[in-house]
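First to last, the sequence lines map onto chains B and L. Mapping of the first sequence onto the working numbering: residues 711 to 1068, in sequence order. Mapping of the second sequence onto the working numbering: residues 711 to 1068, in sequence order.
Don't take each hint at face value.
Given that identical chains are not distinguished, each listed pair holds provided it fits within a single copy or across any two copies.
[Claimed, not checked] Here are the simulated PhoX-like pairs of lysine-lysine, each with C-alpha atoms no more than 25 Å apart in a straight line:
1. 1054 to 835
2. 898 to 879
3. 926 to 1054
4. 879 to 897
5. 778 to 1054
6. 879 to 1025
7. 898 to 1029
8. 847 to 835
9. 835 to 1029
In case anyone wonders, no lab produced these hints; they're calculated from the structure.
2 protein chains.
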Amino acid sequence: MESGRQFSSRNNVHINNKEEMPLRWGIVSAAKISHDFVTAFNSFPDRGDAVIAGVAARDKNRAIDFAKIHDIPHVFDTYENMANSSEIDVAYIGALNPQHYDIVCMFLNSGKHVLCEKPLCLNYKQSKSLIKLARSKKLFLMEAVWSRFSPAYIALEKEISNGKLGEIKYVDVEFGVPIAHQDRVSKKELGGSALLDIGIYTIQFAQYIFKDDPIKITACGELNNGGVDEVSTIVLEYSGRRRAVLNINATLRLSNNANVYGTHGRVTVEDPFHFPTKLTYGDGKVDNYLLHPPKFELNFENSTGLVYQALEVEKCIRKGMLESPRMTHKMSLNLANIEDEVRKQIGVHFDADDKDYP
Amino acid sequence: MESGRQFSSRNNVHINNKEEMPLRWGIVSAAKISHDFVTAFNSFPDRGDAVIAGVAARDKNRAIDFAKIHDIPHVFDTYENMANSSEIDVAYIGALNPQHYDIVCMFLNSGKHVLCEKPLCLNYKQSKSLIKLARSKKLFLMEAVWSRFSPAYIALEKEISNGKLGEIKYVDVEFGVPIAHQDRVSKKELGGSALLDIGIYTIQFAQYIFKDDPIKITACGELNNGGVDEVSTIVLEYSGRRRAVLNINATLRLSNNANVYGTHGRVTVEDPFHFPTKLTYGDGKVDNYLLHPPKFELNFENSTGLVYQALEVEKCIRKGMLESPRMTHKMSLNLANIEDEVRKQIGVHFDADDKDYP
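Please model the complete structure; the sequences and the hints are all you need to start from.
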């Protein structure tokens, strides 16, 4: 092991010269989302100084195949071996929801920075515990709410803050895709939940727009036979009579756009609102935000956009920051809080809800 | 009084010859909606055998002006005088919500058929009492849910019943117009309520599509300082995991379309969904349903469509029917029931809720 290769030991040092070491990503799981993440990353024309250094999967053959496709130098037998390796600096966690807590703990305890797919955890308690750990270790941790790093979202935020739409009073979001039959969505033991799979995008959107905590949450939904939510409607009421209505549906494809209504105007974040390439304003203005072409076919819509959160993570780590200002620990905790309350109201319970976390 | 002029005495007789007497409408109140109703009626190219025979308003000068504009032969000092007149057969009630119950009672007790603006009454108890009275008097009574008689709605109903959209599982409707400052909407003593003014259109739409009673109602809303609702979200859950999400907003103009999602396709009922002229299907089909041009400027959007319910009322009365199959008494009671439950959940209470009705 070359001592200089271990980036995480240098994360309080401001580095901006050309001799700096590349930041080395380790990919946890060879799942669909990991394929898209790496494809988006490697296809990005202006990647800068970071590399995909390793991949680990529960099935080593899948990891080997994944490494071949994406030209990744290191393959790890187990997640633990990757966590203990000096070949990676930051882990991207693409494993299933119920594994997030343990895997992230393991990587943090091994001194690695972490970008973890959403939902960060199954509930608030787990999320709070992870964040506490990351802070105590002085390591970067972020929930992979990639929407927040979409150029369209950033432009929308500017448009709102410049006051052109007036005060934002109402947001409606629809996210419906027929994925209720997929194991990861339908099985409770896999952390299944339309709310945690797609609903989280609608909640984070409302939170992104209103930049506040709701004062009232009203939710109702439909569960499958295993007690996992397939459909739900959530109303988040914020102070000042601001309101978000969120519709989540894992049985039907809905319009999948988000509308933001201000006292002076409105804007539609066009389908797919969770990583849009088009904003249509009420005054007729249309703004397009094109994505770079991917080298390989992708599993999820517009997921070349996954690269933007990777760039953010790299920037934050190089600056010695422990969280991103666009998706802070507090934001993740607020999201988890809302998800817990919605689950409570619609009657979805995880074993993890009965446990305590350090 | 010529005895043959009193149409209501003949309503059990099947009449279809050319010697039949014209059906004579009496307009109760010279309000905006009455102006639109009469304009729509008189502008319709193929009116057939019915006339606007009289108008009554609380302010006689308004009635005189109204009669002049619309060329109406009889002006009545009071609603009571019109109810007792032999010059009208059927009354159109365009008065304010809290007056509906007493006025409709009066006209029914005087032997007149009635078309009453929506909401039929302030609550279920009043509605039930009126319907009981109409039936006992063998007179026609209908709540003026004019949407139901829109050619676009009728076409949509056929499209659904022919199965092309599959099973309808989800409906979303938005109705938002900035009318919260208007007295009729904001003042409780005037029966004000965004729910009863515009929300009723969203509820009746869900009921029209699902043709069933909801098994669960979830509602939350925002009230003004006088305890009148301005904004609300209603989720109606029907058996078989069918769901309607309704958004009502008297402070903002929303998209004002309705989306109907079936297992095999979707359709958008374009703005204004409550009397649309355009249906857009998911497969790209677009159907237009043009309205006749009005002779005078109208107060409400697409309200030349008000004539279709008048044609229905006339047809039913001539057939001796006491209710229309497209907007039955049962449907009005179901609507009132849902409105009562929503008001209860969002905390809107009328004095009429504490009273009993015969």
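Going through the hints against the structure:
1. 1054 to 835: Within one copy only: 14 Å inside, 35 Å across.
2. 898 to 879: between (36 Å within a copy, 24 Å between copies)
3. 926 to 1054: For residue 926 and residue 1054, both the intra-copy (14 Å) and inter-copy (18 Å) Cα distances are at most 25 Å.
4. 879 to 897: between (36 Å within a copy, 22 Å between copies)
5. 778 to 1054: neither (44 Å within a copy, 62 Å between copies)
6. 879 to 1025: neither (34 Å within a copy, 45 Å between copies)
7. 898 to 1029: This pair counts as neither: shortest intra-copy Cα distance 39 Å, inter-copy 59 Å.
8. 847 to 835: Within one copy, since 19 Å is at most 25 Å while 66 Å is not.
9. 835 to 1029: neither (29 Å within a copy, 68 Å between copies)
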